[in-house]
Amino acid sequence: MIADFEYFAPKTAREALSLLSRYKEEAKIIAGGQSMLVVMKQCLLTPEYLIDIKGISALDYIKYDEGKGLRIGALTIHRAIEKSLVIQDHFRVLSEMEQNLATIQTRNWGTIGGNLCHGDPAGDPASVLIALNAKLKLASSAGERIVDTEEFSKDYLEVALEPNEMLTEIQVPTPPPHTGTAYEKLMVMRGDMGIVGAAVSITLKPGDGVCQDARIALSNFASTPLRAKKAEKRLIGKVITEALLAEAGEVASTEANPPADVHGSAEYRREMVKVFVKRVARLALERARAA
Amino acid sequence: MKGEVRELKLTVNGKPYELKVKPNTLLVDILRKHLKLTGTKIGCLDSACGACTVNIDGKAVRSCSVLALQANNREVITIEGVADGDKLHPIQEAMVEHGAIECGFCTPGMVMSARALLAENPSPTREEVREAIQGNLCADEGYVKYIEAIEIAAEKMRGGQ
Numbered sequence: 005m006i007a008d009f010e011y012f013a014p015k016t017a018r019e020a021l022s023l024l025s026r027y028k029e030e031a032k033i034i035a036g037g038q039s040m041l042v043v044m045k046q047c048l049l050t051p052e053y054l055i056d057i058k059g060i061s062a063l064d065y066i067k068y069d070e071g072k073g074l075r076i077g078a079l080t081i082h083r084a085i086e087k088s089l090v091i092q093d094h095f096r097v098l099s100e101m102e103q104n105l106a107t108i109q110t111r112n113w114g115t116i117g118g119n120l121c122h123g124d125p126a127g128d129p130a131s132v133l134i135a136l137n138a139k140l141k142l143a144s145s146a147g148e149r150i151v152d153t154e155e156f157s158k159d160y161l162e163v164a165l166e167p168n169e170m171l172t173e174i175q176v177p178t179p180p181p182h183t184g185t186a187y188e189k190l191m192v193m194r195g196d197m198g199i200v201g202a203a204v205s206i207t208l209k210p211g212d213g214v215c216q217d218a219r220i221a222l223s224n225f226a227s228t229p230l231r232a233k234k235a236e237k238r239l240i241g242k243v244i245t246e247a248l249l250a251e252a253g254e255v256a257s258t259e260a261n262p263p264a265d266v267h268g269s270a271e272y273r274r275e276m277v278k279v280f281v282k283r284v285a286r287l288a289l290e291r292a293r294a295a
Numbered sequence: 214m215k216g217e218v219r220e221l222k223l224t225v226n227g228k229p230y231e232l233k234v235k236p237n238t239l240l241v242d243i244l245r246k247h248l249k250l251t252g253t254k255i256g257c258l259d260s261a262c263g264a265c266t267v268n269i270d271g272k273a274v275r276s277c278s279v280l281a282l283q284a285n286n287r288e289v290i291t292i293e294g295v296a297d298g299d300k301l302h303p304i305q306e307a308m309v310e311h312g313a314i315e316c317g318f319c320t321p322g323m324v325m326s327a328r329a330l331l332a333e334n335p336s337p338t339r340e341e342v343r344e345a346i347q348g349n350l351c352a353d354e355g356y357v358k359y360i361e362a363i364e365i366a367a368e369k370m371r372g373g374q
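Protein sequence lines, in the order shown, are assigned to chains A and B. Under the numbering used here, residues 5 to 295 are what the first sequence spells out, in order. Under the numbering used here, residues 214 to 374 are what the second sequence spells out, in order.
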């Protein structure tokens, strides 16, 4: 079962950061623990000190301002993001992503910050946030820094947090006009971890419908959430057709060596990435046209 | 100190408790072993089956996937706290009457998921009912009866009888 640890439940972020700077690598932060307790039960993770931040209510918020965009506190639970009216209105892709992130029980307790810090390449939020060009605020006792979501994941279950740092906020900019974003993943059952997933954001030039910008991120296709930059380049500067969508899928499927496991072989994942990039990009395009 | 017992204050089924627990204790173990509330079942202990679902502050949560200390100052309802004395909750009543029980092992978790759903949404669509119990596995494939029973209960609770 779970190995012994010393437990702290700080009431403020400042208190949590001071504990982190004291214990560094020997400490681990727990938020909802929906991913972390699984690895702790397997004794793959045996921290000496556990800093439980779930009770820090100051990091549980959703704020929106047209100029500044969306700000989500790291301890916001998945279900709150799914149900947020402001997110449904302005960032529907985030709400849609949350609906299938896991079962309701997990979404009722697990937090978006915890999901991102777990660093699982199959996690849904990272890919969607990369497509949305979101940034992450990391805090330590020494101060704060902002990183691109794309730069945050380093390898399987490894993220770019220093031992004295924790994630405090997710910052999602308001997308440019005529932008559509979508995310879908291949699941056996709704709420399952995706076998592969694709998040696509497309911005059209007003008037001629030429693709001005495209961002494509793939989940569970590499050791980190993967930005498919070559596939993006195929779309940018062109009027997007069915053939071009298929081409973007083909290109994306060559941008990594996908993992093979009980859920799917590498070949199968490549085939499914072709399908999902095409399908999701088509939906993003429809949304961009309607925006 | 590592493994040192900590104080845990929580309310379970309306009753306040002050307990001493080791930090690595899961909520489900407090419920079953310390409080002897064995209605909450352990199926997988791996966040997969939903048999251990309870309500924490009204929300359906898996008690095998929460540290007991994370329930500090919170209100937990288990299957033992759903009925009103000897009077079954409409969800329980509907499940009994509609035959939404096979072996019964997943039933407490199903009831707790349904209870959280109907507290938040008294008129769920079939899709919403399905979604609410998507994380509760029934090895007997008794899903349809469960879904129908939850719909019957919802109607009754809205006052339709």
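Treat each hint with caution, since some may be false.
[As the list claims (entries may be wrong)] Okay, derived cross-link-like pairs now, DSBU-like style, lysine-lysine, Cα gap no bigger than 35 Å in a straight line:
1) LYS233(B) / LYS28(A)
2) LYS222(B) / LYS67(A)
3) LYS228(B) / LYS369(B)
4) LYS45(A) / LYS215(B)
5) LYS141(A) / LYS222(B)
6) LYS15(A) / LYS300(B)
7) LYS139(A) / LYS87(A)
8) LYS15(A) / LYS369(B)
9) LYS45(A) / LYS369(B)
10) LYS235(B) / LYS45(A)
11) LYS28(A) / LYS235(B)
12) LYS87(A) / LYS358(B)
13) LYS32(A) / LYS272(B)
14) LYS45(A) / LYS233(B)
15) LYS215(B) / LYS158(A)
16) LYS15(A) / LYS358(B)
17) LYS45(A) / LYS300(B)
18) LYS300(B) / LYS32(A)
19) LYS209(A) / LYS233(A)
20) LYS300(B) / LYS28(A)
21) LYS87(A) / LYS215(B)
What the hints contain is simulated information worked out from the structure, not anything from laboratory work. Please read these numbers as outputs of a predicted model, since none were measured by experiment.
Cross-check of the supplied hints:
1. LYS233(B) / LYS28(A): Within the cut-off at roughly 28 Å; holds.
2. LYS222(B) / LYS67(A): Holds, at about 32 Å.
3. LYS228(B) / LYS369(B): holds, 28 Å
4. LYS45(A) / LYS215(B): holds, 17 Å
5. LYS141(A) / LYS222(B): holds, 33 Å
6. LYS15(A) / LYS300(B): violated, 41 Å
7. LYS139(A) / LYS87(A): holds, 22 Å
8. LYS15(A) / LYS369(B): violated, 42 Å
9. LYS45(A) / LYS369(B): violated, 41 Å
10. LYS235(B) / LYS45(A): holds, 15 Å
11. LYS28(A) / LYS235(B): Distance ~23 Å between LYS28(A) and LYS235(B) Cα, so the pair holds.
12. LYS87(A) / LYS358(B): holds, 28 Å
13. LYS32(A) / LYS272(B): Distance of about 26 Å is within 35 Å: holds.
14. LYS45(A) / LYS233(B): holds, 21 Å
15. LYS215(B) / LYS158(A): holds, 30 Å
16. LYS15(A) / LYS358(B): violated, 45 Å
17. LYS45(A) / LYS300(B): The given pair, whose Cα atoms are some 38 Å apart, is violated under the 35 Å limit.
18. LYS300(B) / LYS32(A): violated, 46 Å
19. LYS209(A) / LYS233(A): This hinted pair holds, its Cα atoms lying about 20 Å apart.
20. LYS300(B) / LYS28(A): violated, 53 Å
21. LYS87(A) / LYS215(B): Judged against 35 Å, a Cα distance of about 39 Å means the pair is violated.
Checked against the numbered hints above, the structure breaks hints 6, 8, 9, 16, 17, 18, 20, 21 and satisfies the rest.
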